[in-house]
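Quick note, the sequences are listed as chains A and B, same order. The opening position of the first sequence corresponds to residue 1 in our numbering, with each subsequent residue numbered one higher. The opening position of the second sequence corresponds to residue 117 in our numbering, with each subsequent residue numbered one higher.
Think of the hints as simulated: they come from the structure by calculation, not from any bench. Any given hint might turn out to be false.
Sample of chain B residues facing chain A (criterion: CB under 10 Å; computed from the structure) [to be verified]:
1. 219
2. 220
3. 221
All residues carry an ideal CB built from backbone N, CA and C; glycine is no exception.
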Amino acid sequence: AAGVIQSPRHLIKEKRETATLKCYPIPRHDTVYWYQQGPGQDPQFLISFYEKMQSDKGSIPDRFSAQQFSDYHSELNMSSLELGDSALYFCASSTGLAGVEEETQYFGPGTRLLVL
Amino acid sequence: AQSVTQLGSHVSVSEGALVLLRCNYSSSVPPYLFWYVQYPNQGLQLLLKYTSAATLVKGINGFEAEFKKSETSFHLTKPSAHMSDAAEYFCAVSQAAGNKLTFGGGTRVLVKP
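So here's chain A without its partners, still in its complex pose:
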């Protein structure tokens, strides 16, 4: 079965640079979530989109922005990168269809960002 695709898988940036992370949800999934997992930490929710509209916002820095496009893929844009932004960034997707699958978020493999 198709899974959530994230690109790139690894990214190395310098401080103050920008980065763009991409997420391609499972086909027919209309909801995308972004999470950040720092070293040795649990994933923290950043932001989510449903039908191309922001649906919820967590602890996302103002330097970060995200959007969901008409084909449901999403991009997380990160500017003025700081050392503390080094983390694993997960994208997850789910479907808004009624049923038992509605609440299940399926995660991508993550993008590991290293800021030097």
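Once you've looked at the hints, dock chain B against the given chain A.
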């Protein structure tokens, strides 16, 4: 507000022994509960979920979890540990359809031969 507490950041079990990972939650509404597993340098894989159907939930790889409302718990068990079960396990909760997941701190499982 919702939160998840996983008791024990590290658990060591012998191969063939029972695996028990504890998860307690707090939620103002009936929650949706999940267990995810993360193998080294990999993403999160869904093990099982509770969505107000049966209180005993069976997942993949022989894992199961029981929802106990009176104890606000959703502990994960596996009768017989296998070396391949060595990973980090996260309990997570969400409150409504399409809502964000709040994760516990994770429990790293070590399986000894």
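Against the earlier hints, flag every one the structure doesn't satisfy and list their numbers going up. none
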